[in-house]
Every structure is written in C-alpha cells, then in structure tokens.
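Put the two chains together into one complex; each comes in its own frame, and the hints tell you how they fit.
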Amino acid sequence: MVRPDRRTLWLVVPVTLALLPHALYVPLWASLAVALALAWRLTPLWRKDSLAQKAIRILLAIAGVIATWLQFHTLAGPEAGISLLVQMVALKLLESDRRRDHAVAVLAGYFLVMATLIHHQQFAVAAWLLLTTAALTAALASSQASEPLPLGTALAGGGSLVLQALPLAILMFLLFPRLPSPMAGLIHVETGRTGLSDSMVPGSVSRLILSDEVALRVDFADPATDARGLYWRGPVLADFDGRTWRRGGDRATLPAALPVGRQIDYSITLEAAAQPWLPVAGLTRSLPVADARLTAYQEWRTPRQDHERLRYAVQSWLDYRLEAELPAWQRAQALALPAGGNPDSRALARLWADQSATPREIVDRALAYFRREPFHYTLNPPPLGEHGVDDFLFLTRRGFCEHYAGAFTVLMRAAGVPARVVTGYQGGELNPVGGYWIVRQRDAHAWAEVWLAGAGWVRVDPTAAVAPERVERGLAEALPMAERPLLNLPANWLRPWRQGWDFLNNGWNQWVLGYDFQRQQRLLARLSPSLASLKGMLWAMLAGIGLILAGLALALLRNADDRPKTEVERLYARFLQGLARAGLIKGPAEGPLDFAARASRGRPDLAGQIDTITRLYLALRYGGGAGSEIGKLRRALYIFRPGGGTASKK
Amino acid sequence: MNAHIDSLLGRINQVVLGKERQVRLCLACLLARGHLLIEDMPGVGKTTLAHALARSLGLDYQRIQFTSDLLPADILGAAIYERDSGGFRFHPGPIFAQVILADEINRASPKAQSALLEAMEEGQVSIEGETRPLPTPFFVIATQNPTDQVGVFPLPESQLDRFLMRLSLGYPNPAAERDLLAGQDRRDLLAGLEPALAPAEFVAMQQAVRTVRVADALLDYLQAIIQASRQNASFAEGLSPRGGLAIKHAAQAWAYLTGRDFVQPEDVQAVLPGVVAHRLRPAPGITAGNEFWAARILLQVPIP
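Those protein sequences? They're chains A and B, same order as listed. So the first sequence is numbered by the working numbering: it starts at 1 and just counts up by one. So the second sequence is numbered by the working numbering: it starts at 1 and just counts up by one.
With the rest of the complex left out, here is chain B (with noise of 0.2 angstroms):
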C-alpha cells in the first residue's frame, strides 16, 4: 500500500511542485471522506493541483467554472423537453461524477454555491421532486480566491463547515519556481498524467483509514484541543462537535499514510491547521484572515 501512496504522491509532486506538503494533506483529506477547498491568489496552481489530484487517483472528473451567472441548472442537470419521444428527459449535470472540481466557487451567486454544497452534504441531489444519488467516491475540490477580492461572494460559516480542510499554496519556494520556469507547460504534463490506483484500491484505502486506531490517550489530547479552541479568548466561538471529528478522520488519514496503523500526536499537529482554521471565527479585533494565525494557536495546547 505506501508503494501505491508514494508512487501517487510522486505523480502530482512531478506536476505541482515544491509542495509537497500540501499534496499530502489534500491526499489526506480525500482518504478521509472529506471535501477540500484551496484558497489562495489567482495563479499559484490551485487548479492545476486540483486537476493533478483527480487525474492521478483515476476517478472520472468534471470541472464546473463558477461564474456569478451560473444556475444550479448548469450544476445539477434538467429535465429537457425532447421532441422525438415527446416527453421530459433528465440531463445529468456536471455534478454527476466521482471528483468536481469547482472553479472559483466563490464567483457564484450564493443560490448556485447552495446546490453545490447541499449535494456535498447528502450525497444525492434532488431535482424536480426526483431524487438521484451521485456516484461514489464522490468529492468535491473547490478553488476560492480571497474573500477580499473583487466580484466575490464570501461563503457562509456554515457552508465552509462542509468542507474538511481549507488549504493555501502560497508562492513556491525560489527552486520550484525555477523548475517551473524553466519546465514544460502544465497542462501538457497533465495531459499525460497517468492514474496511479484503481478506483476500488482507494475505497478500500479509505476505508482502512477508518480503521487507523484512536486511543483514549489520543482522545484526552483531542478534547484538549477541542476544549482549548472554546476557552481561548482569540476565537469568537469554538470548534463545533462536526470539527473535532474532522480532526480525527483528517489525523487518522495523516497517520495512514506515513504507513501507521494508529494516531498520535503529531498527527493530529499536522492537520490540525488546516482542518480548524476556516472553522473558526478569530474574535474582534483579531485581523480577518489571520485564521492560520489563530490556528496555531491550538498546537499549543498542552499533550496530556
């Protein structure tokens, strides 16, 4: 299994480079069931990461461009009047595949950004009082830039709750910026981007995840942490009970893939930033858009 897990991570680090450690974590994310959201500026490779990701795990993908005129038609699917059989056929959206990558997500008008995300939520979508479930795996990898950018309509707590991680890639360091420079396009690279696993090898990986073992010890520190985020005066509330399970599943992914069969602490250190810090609200006062900041916060709490 960890020749499958390098040979993946080999793949996207030949196309997104330099980083490494945020390939993993959206690895990590992805095993542990959950959605990602990359946030950074336009042009650091989110998307390529994005792309890079699902191409590489072999499951059938669908890029949906948000702009703030998409409708949750052009997301879902309709019914169309055809008028050979004279009657309503369904038109499955792009929705309808294993990876969506959601361009720009925060371009939509909030009433397309709900679609997307009440599908993330329930698995199934319902359309015209029929209810179709979407296929599985099924994940969604959103790209947003910065809610302080023009022509963009921040997404909801609520919302961002959905997702597991929220990650930024940042500028790349000065060699992968040279590589980069001096390499092939990457959409070429891309293009002749091979899948690395089976789709049945990464249901099966995902579900030894789940098996990765918790123990009270690990537990004790968890609720620290949980404890901490709701006492400590740099937060306006606290980690919902959703978030302390998004740590857990998120640290047993990190634990799996170093090639562990439990959890421990620094585990739970290493995904913990991306995990709390779009769940929490920095209190007033604290700038918006230190949520990394504040997140750090809570790795030091003390390990019991």
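Isolated chain A, as found in the complex (with noise of 0.2 angstroms):
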C-alpha cells in the first residue's frame, strides 16, 4: 500500500483526534461509517475528482442522513446533531484537498472538540482535548505553509499557540458570568450507572461489589479518623415479602433522634448517581444540600430519582438514640412477615426467644449462631430454593452480607425483637496524595438495625460475626483467595498512580466541574465586593483580556525580527545594555570593535574590560571559539558593572 502523502496525514489525522471521544456514544453504526470513510480517505483508492466516488459520497451524506433520522426521529438536539456532525466531518474529509477545504476541516474540527463537552466533562477528556487542540492548530498552521510542516515544528507551533490562548482561556473561565443553572438540557451530566437500590434480592449487593466506581469522597476535619470503621447510611428497607427487602412506606413524621457522646465533621463529595440517597455516617441532624430532606427512617435523600454531583459538610454523631420510644407504625413495620415461609428459621428463632431473659439476649444468640456455625462468606452464593432463609441458615451456610443482614432479620423478627436491614456503604481507601478517603460502589454494605428498649434502634451487623475482617480490613480481604480476582483491584504498584489519578480528577470535579454560579459569586466577592456584579465581571474581564493581549504583543514586538539568540549574542547584548545605560550606544552598523574602541574613549576606566569581552565575543561569534571562551565571556561579564559611570555623574 502506498504511504499516504503528509498533507493527507495532516488533515486527516488531527480530526480523527477529534473524532476519536464521540465514538463513546455515537451509534455504533455512525463509528463505523466515519471509520470506513477515513480509511478510504488514506487510501490510494480514493480519488477526488472520480464522478463516481463523487456520487458515492452524495449517496453516503444521504444515507447518513437517513439513518440519523431513523436513529433519532429527529435532527436537531445534541445527540441527533452530533451523530450527524461527525458523520460529515467524515464525508468533508473526503472531499478535501485543496488549502480551504483544509481549513474548514480544522474549524470542524475545533467543534468537534466542544462538542466532545457536552458528553465529557471529566479531567481526562479535556487533556485529550487540549492536545487534540494543539494538535488542529498545528494542522491549520501547517496547511497555510506552502509546503507542509515538520511534524516537530508544526507541533510546537500550534502547542505555542495555544500556551498563548490558555491565560485567557483561565481567564475567562474564571470571570465570564455563570448562570444560576447550569445549561440545563444541554449538558448531559453523567449519572452513575450503579448504586444503592431500594430494594435488595440476594445477589443485588454482590452485583454492586463488582463495580470499581467511586461512590463519595470523604474529607474529614481530624485527618485522624479512620474511615473504614464508619457505616455510611442508605436506603433502610423494612418490608419483606419473603424474598425481596423493600423500604417502607413513606411518612411525614421526622424519627426522634438524640445525639448522644463523640461528634466528627467531615465533608463529603458524592458522585453523580441514579438514585436519591446521600449516605451520611451516623446520626445527622442537617444536610446543606438544596431540598434535602430527611425520612422517617432516618435516611437522607433529594426530592428527584437521581442527582449529579453533589458537596456538603457534615457534622454527625456516631452515637445516638433513635426513637427512644418506637413508634407503634414501626413496630408493626418492623415485626412482619410473610405468612408461612421459613418454618425452620422461625422454629430457631422462637426457641431463642423462649431462652433468652432479654431482646439483647436474642441477638447475642443469633451472632453467636453466626460465628459458631460453619458459615462462609464469597461472592458466589449457590442459589436458594422457595424458602430462602431456611435454605441459607441450614442447608447451603455460604452467602454475602445481603443473604446475612436479610437472614437475621428474619431471625429477629421470628423472635419477637423490631428489626429491620439497612444499605449502605462501609469501609473505604485512604487516597495519601489527597488525604481524603475513597468510598467505592464495592464497599456496598447491608447490616441490620434492631430496636432493643432504651437504646433505641441499635446497630448490628451479623457479617462482621462471619468474616470480621469485611469490617475491619476490608472486602478484598474477607473473600476467599480463589474469588479476589473477580474484584478486579489494581495491582499493588499502580496504586499509587491510582491514588495521584483520583486526586487530579478530585481536584478537577471540585475546582472546575464544581466552579458554578454560587462559586463564582464567594470567589469573586472575597476577591473585591465590586467583581461580584454581572459589571464588575464584564468589566474585569476585558482589562484582564486587554492586558494579555498587550502582554502578548509586547512580547511578539520584542522578539519580531530575532531568531532564536545563542548564549554568546545574549551576553553581548547584556554587554551593549549595560553601555548604554552609561550612555554609550553601539550603532547598528558600527563593528563590534570600533565600537569598543570608541567606548573604550568614552570610558577609559573600562577599557580593560570592554576589549576582554569584545574580543572574546569576536573570537566566539565570528572565529571557531572554543567551548571553554564562553565560561570566561560569562564570567567577564559578571564582573561587568558600569553603572551609571561618568555619564549619570554629568
């Protein structure tokens, strides 16, 4: 195959850059049309003024249009549209040839790139984009040379540019006015595509544990506190219908909760997600989150069935008495069960009950069932028959902390003691680079709450009676060897890049993504009250624009007609600036060394050193110097200092 020329790879390659990011999502057909179109460009097939390919390329815009309307129903919005921009940006390259067609293939390109932003807002996608950047500038520069490019100075070229772009481009960000909302509808904010459900089947948890996404980030105020020893609160699901945990109807009334002992503050970034609940830890009494509000079963959760990113301070008690008094709606709640079902795990339940003194005595009982029996903990439960409990707890004894909160619950409830499972997350990494904990979907966690009189609803969690290290170190460590692969955790070494990549995107999430309306207005107003205006920022920017700009300029002026100086023209140039300030100014036609001559006149006191360094610049400039002259022509000039010399004196 022949080598397609360098014109051909300029055009076509920084546009494939940009092509490259909206293959995530376009229809997978739309991929492979452009990909097929790019190919036949770079091929020596193609042909630009063959009728025939002229017709092929009609029918394909046709084509494209067609199956985007049929993909779509429509043309316009931003899924529609951009699925048919990339498949023209395809079809134009491959009717490009000429410098024009080129250019616009760039401008296409450079949309492309902020298309690209509705989709991807993430850290990696704008450096993928700030090089695709750099790359189409380095096209466009290319393609208005007569000839193209070196690859190397073409890139330096565009990568210059846009260095010189990038300070306003901050600036800008920084300083043009944001709206209130986001561009709601435009913008399509990622949602994660997994998290915490309201309802738990056997199995729904473990799904969960496979994911590697970051649920929260969790920063607290006393770097001290060790995460891993936090539950952090979800959906509470009280209704059991002998299979499925569903939560419990809604109510109005707010639980009592008394916070009792040791408080923590600490902040938490919850990642964007497909369902209402931010988990906090412990006993929480206010959430600065818009509209937040809190549940019967002391669970916080947004109005809407999902949210995007969110931020909020916390202040929460991880000691606490809720509903001191049980209200007699939760009582009910929290004592059903299906009829029939189960019948062994009821006969157990019933003989604890007739032997224990006390509800805490019951629950003594279950755990200890729990970690006398042989049970195990994996991630590949064998599969429950009709009567899922009694399955578990005597037959198959091998399940994940949803088969184990679900089963004591049951117990409880058999026994006569309020009970009810609670979701959530436990545990967490330490990111060192951040100093902020990482939460995971994987540290998806289900435990079991029981009301016992006078401590309210009391926490327990049979898992940690099973396999206490779930709780203590961590799921990877309380699986089987046989099933961490399944994880999917990173090598050893790459944690710690791991870590630095979390901590660079945390940074952009909460410094770029996270810079909205409300952000603008604190920073701008701690800045100066009068910035804070739709004026005062219109104004601060075009100074700020202005004075790039004429930073810019000053610094094209400087360097207008000099290459790039060797060290030797620059010490000499020190030289002369150094004369001239003691009034002594080398014409621009007067030879180096009638210049010494006469300034060795002006200032004889000088006149040593003036012949030194012309002499040494000569020999270097002019004759084959040797590399040991310049450390000497550097160190004649340090010791160059004429001042304001006789001419300041006058």
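Simulated from the structure, these hints should not be mistaken for laboratory data. Model, not experiment: these values are computed from the prediction. Each hint should be verified, as a subset may be incorrect.
DMTMM-like cross-link-like pairs, simulated, lysine to aspartate or glutamate; straight-line CA separation at most 25 angstroms [what the hints assert, rightly or not]: (1) A/K632 - B/D216; (2) A/K586 - B/D216; (3) A/K565 - A/D594; (4) A/K48 - A/E79; (5) A/K565 - B/D220; (6) A/K535 - A/D594; (7) A/K632 - B/D261; (8) A/K586 - B/D220; (9) B/K111 - B/E122; (10) A/K565 - B/E122.
See the structure below:
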C-alpha cells in the first residue's frame, strides 16, 4: 500500500483525534461509517475528481441523514446533531484537498472538540481535548504553509498558540458570568449506572461489589479519623415479602433522634448517581444540600430520583439514640413477616426467644450462631430455593452481606425483636496523596438494625460475626483467595498511580466542574465585592483580556526580528545594555571593534574590560571560539558593572 | 608571516607616500586572487603604486601601455613566419607574465580591452586555435583615467565586474606631498626596490587567505548587505552573487593581513567600498561618479 502523503495525514490525523471521543456514544453504525470513510481517504483508492466517487459521497451523505433520522426521529438536539456532525465531518474529509478545505476541516475539528464537552467533562477528556486542539492548530499552521511543515515545527507552533490562548481561557473561565443553573438540557450530566437500590434480593449488593466506580469521597476535619470503622447509611429496607426486601412506606413524621457523645466533622463529595440517597455516617441533623430531606427512617435523600455530583459538609454523631419510644407503625412494620415460609428459621428464632430473658440476649444468641456454625463469606453463593432463609441458614451457609443481614433480620422478627435491614457503604480507602477517603461501589454493604428498649435502634452487623475482616480490613481481605480476582483490584504497584490520578480527578471535579454560579460569586466577592456584579465581571474580563493581549503583543514585538539568540549573542546584548545605560550606545552598523574603541575612549576606566569582552565575543561569534571561552565571557560579564558611570555623574 | 607582511607594506609605503590604507587594500586584493583596478586622475601615482606592488612581491611582470591603436596581438603575442626554420613560431606577448600592469586601460579600443579581460577571466589565452595557459599567479593591475576625460573608451559593467576591487588614490596629504617634493625621484626608488617575498611564499599566503574562517554570523551580515544593495532605491541594480563572493574573499584577505584567522564585521566594512563601488550602478538621478558615496549606504546596514 502506498503511504499517504504528509498533507493528507495532516488533514486526517488531527480531525480523527477530534472524532475519537465521540465514538463513545454515537451509534455504533455511525462510528463504523466514519472509520470506513477515513480509511478510504487514506488509501490510494481515493480519487478527488472521480465522478463515480463523487456520486458515492453524495449517496453516503443522504444515507447518513436518513439513518440518523431513523435512529433519533429528529436531526436536532445534541444526540442526533452530533451523530450527524461526525458523519458529515468524515465526508468533508473525503472531498477535501485544497487549502481552503483544510481550513474548513480544522474548524469542524474545533467544533467537534467543543461538542465533546456536552457529554464528557472529566479531567482525562479535557487533557485529550487540549492535545487535540494543539494538533488541530498545528494542522492549520501546516496547511497554510506552502509545504507541509515538519511534524516537530508544526506541533511546536500549534502548542505555543494553544499555550498563548490558555491565559485567556483561564481568565474567561474565572470571570465569564455563570448562569445560576447550568445549561440544563444541553449539557449532559453523567450519572452513575450503579448505586444503592431501594430493594434488595440476594445477589443485588454483590453485583454492586464488582463495580470499581467511586461512590463518594470523604474529607475529615480530623485527618486521623479512620473511615474504615464507619457505616455510611443509605436506604432502610423494612418490608419483606419472603424473598425481596423493600423500603417501607414514607411517612410525614420525623424520627426522634438524640445525639450522644462524640461528634465528627467532614465533607462528602458524592458522585452523580441515578438514585436519591445521600449517605452520611451516624446521626446527622441537617444537610446543606438544596431540598435534601430526612425521612422517617433517618435516611437523607433528594426529592428527585437522581442527582448530579454533590458536595456537602456534615456534622455527625457516631453515638445516638434513635426512636427511644418506638412508634406503633414502626413496631408493626419491624415485626412483620410474610405468612408461612421459612418454617425452620422461625422455629429456631422462637427457641432462642424462649431461652432468653431479654431481646439483647436473643441478638447475642443469633450472632453467636453465625459465629459458631460454618458460615462462609463468598461472592458466589449457591442459589436458594423457595424458603430462602431456611436454605441459607441450614443448608448452603454461604453468602454475602445481604444474605446475612436479611437472614438475621428475619430471625429477629420471628423472635419478636423489631428489626430492619439498612443498606449503604462500609469501609473505604485512604488516598494518601490528597488525604481523603474514597468509598467505592465495591464498599456497598447491608447490615441490620434492631430496636431495643432503652437503646432505640441499634446497629447489628451479622456479617462482622462471620467475616470480621470485612468490617475491619475491607472486602478483599474477607473474600476467599480464589474469589479476589473477581473484584478487579488494581495491582499493588499501580496503587500510588491510581491514587494520584484520583486526586487529580477529584481536584478537577471540585475546582473546575464544581465552579458554578455560587462558587464564582463567593470567589469574586472575596477578591473584591464590586467584582461579584455582572458589570464588575465584564469590566474585569475586558481589562484582563486587554492586559493579556498587550503582554503577548509586547512579547511578539520584542522578538519581532529575532531568530532565537545564541548564548553568545545574549551575553553581548547584555554588555551593550550595560554600556547603553552608561550612555554609550552602539550604532546598528557599527562593528564591535570600532564600538569597543569608541566606548573605551568614553570610559577609559572600563577599557580593559571592554577590550576583553569584545575580543571574546568576536572570537566566539566569528571565530571558531572554543567552549571554554564562553565561560570566560560569562565570567567577564559577571564582573562587568558599568553602572551609571561618567554619563550619569554629569 | 606578519613580519613578512609588515616589511612588504613598509617597502611599498616608502615609495608610495601617505597611502597606507590603499596599499593595504591593494595587497588584500592580490592576496584574494583578484585583479585590481586603480582609477584616478593622471599623475597621482597610480603607475608607481602598481609598479611598487609588482616589484616588492618578487613576481615577474610586464607593463602594457594601452593606446587607442593597440591590437590584441600586441597583448597576446602572435605566430610569426621565420625564414630560418621555414615555419611559424609563436612569439608570446607581454601577457605571459605573473603581473601585468595595464596602464590606462580605457585608452585602448574595446577589442584590445576584451583580449586582456578574457585572459583575466580564463587564466589562459587562445591564439590561432591553440590554447596557452598563463603563468600562476596571474594578476592584472590596471589603471584607468576617470571616464569623463577625453579620448577614453569606458569599460562596460560586465568587464568592470572582473576586477575584485577598484580603488582611487586621491591627492596626497600635505605631509606626504612635502616628502614627495623634497625626496628622491620615484623612478630611482622603484628601481632600488627589493622583493620582500619569494614567489612560493606569496602563493602560500594566498592559500592561507582562503582558510580564514567565515562564521555563520558573518554570512548573515554579508547577506544583509547583498539584500540591502538589491532593495535600496539608490541603486539601479544590486550586487550579483559574484559581487557577494568578492566581498567575502576580500574580507578574508583583510582579516589575514591583520593576522586574524576569522573574519569580523569590520573587515567587511573595510573592504566594502573598494569591492562594491564599481559593481553598483547608481539609480538614475544619482549623479554618476558618486559610486563611492553610494557604496557608503551599504556601510549603514545593521550588523545582525
């Protein structure tokens, strides 16, 4: 195959870089069509002037429009529009050959770069787009030259242009007035695909476990706090139908909660998710999230069914008394069991109830049972039959946290102790780079809550009885060796890199993506109260743009006629500057030696130095001066201090 | 080597008084293997200078007085029938010498001028179908009268270009003039002038001149000058590439004469008027004869 020429590569490669991120979400057929078009452009089969190929291009364009219409039932809107755009850009490349076409292709590439931001705003994507922009700019520069530029030259040019634009971009980012609400509808906010669910069947949490996604990040006010002992409370599941646990009905009442003892301060950055729950540790009385509300089950949630990335500062009490008096509806709910089913478990629970004096004793007996009998903690539990709890407790005895929490709660209810299942996260990993904790979906957990007279709702984690490592050291430690690869944990040597990367992403999320109307107002108000107004922002922006452009213009003027200067030239320029300050200015056409003679007459005190420096300069610049001489020149200049001299004394 | 040069210059300066700079330029011209044209009014010592140069360099020389009836054969030589041998035998003309003093070159007809100038360019002569090489080194030191005098055939630009330098001497300064008036007859002095160099030494010096370093920075300067000559409105046309090379070679020789092994901007400036003046045609409106003044414009080109 003939290698495509440089001009073609300069056209196709940068635009391909801009097209690539769109392949993540445009329909697969569109990506394939684009890939085929690009490949066609690069092969010698492609002919610009072939009539047959022109016809094919026209047919492709029509087919693309029809296919897009069939897929989206519209051609407008970000989804359909971008799908159509990528196809048309690829087709444009198929008919591009002239300089003007190159410019159009590059402009389309810039547009693709911006369109990428509609769907992706992560740090890695931004870095990619910055590189793509530099490559596109390099392509533009190359297309304007009579010959395609060498790769290094063009990239250096493109990169330097992008770098020069960067101060402007940062200024606009900081000062461009932000809308109180983000461009709703246009910017597609990514939501997590996984998250805590309102219901739990055996297996639902363990599916979550396989996800490496970050659920939330926690920054403790007291850096010594160990997040691994904390339970991040999510939805409370109180309704059981024999197989599935579900949330109980919502009530308008608020839980009666009384904080006791230790309080911790921290802030949580919750990743966007398709669920309303706002996990917190322990008892939290207020949450600074718009519209956040507390349910009757001491859960925090948003009113909508999904949320964007949220950041909130929290005060929590790790010890508390929840519902010292159990409301009747809660008692009824927390004791309800479906009629029939799991007879053996009920029998066992009744036996414990008969043998125990207090509910607390029943709880202890149940935990002792889990501890004593050969239960196993595993991600691959065997399937359970009709009487799921019975099968689990007496036959399979292999399960995951949802099995233990569910079975324990059923046992408690059968023994007459009010109990319910709580789901959320437990554990986490410290990111030593940023000093914050990362809780991933993998750390999802289910535990139980029992109501004891005098103590209120008390957390009981039956999983801890079976596999204490789960609670103390994390999931991976608790699993049997053979199952650990299922988690896709990163190799140990990769960990510092992952942590560094997470730190970057977190910073990006907090400071760039999280820079919204409120933050802008707060930042500007802190700088100067007058800045925070629309007028202030606009004036500051205009002034800043003017300053930056003036700075760039000055830098350009200074270097207008200059090729890059060698060190010898720079040193000599310094020598001339020094003498110029002393009133001795070299004419542009004056030879160095002639000038040295004149300068020595003007400043006889410096004659020796002027002579030495001029000789070294001439030898280095025009003779084949040895490397050691530049050191001498440097030293000579170091001690050369013409000062104001005679000229200023006048 | 420096001592040689100093004694050489010293000897010539004893004969040609008060013209140290011109003498040095002449020597630089010859060291750069260029031909020299000395232009001035009659009687300012052109011939004496040419004579002194040839004698002190220790080269064999011939003098040709150009007149309006001079024929090419008078310069090149001719095949003459000899009765004794019954055949033609070539009698070489005065051109077969290392140094030719072509006096008052612009008095001769263009035909005779061409014969000399072709020999200068080729380093050989073709006579009656036979090519004969000229000796090496081979120089022409030509003198000419100002072209506005009566009875002259001005050399065309294309032929002026063959001379590396054109110099003019001018009146001597009062002190030199006094010495001249008071001192010995120049002709006697010339007759007593001893060669300061062996011929091989002079050739070695010429070779050394070509090794004098010309750095990139200096080439930048040269190019700036050439560009300026082509862009400046004072000139009808700019310097040819040959003109550029001429500056470079002359500057190398000038640097060599000061005992340096590299060229610096001052060397270029020193030789510039002599090398470029006769190659630049002033634009219409600039008075003819002001070529030296025009060349000064190029001295204003900034040194990069």
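Legend entry - Indices of hints not satisfied (ascending): Hints 4, 6 and 10 not satisfied by this model.
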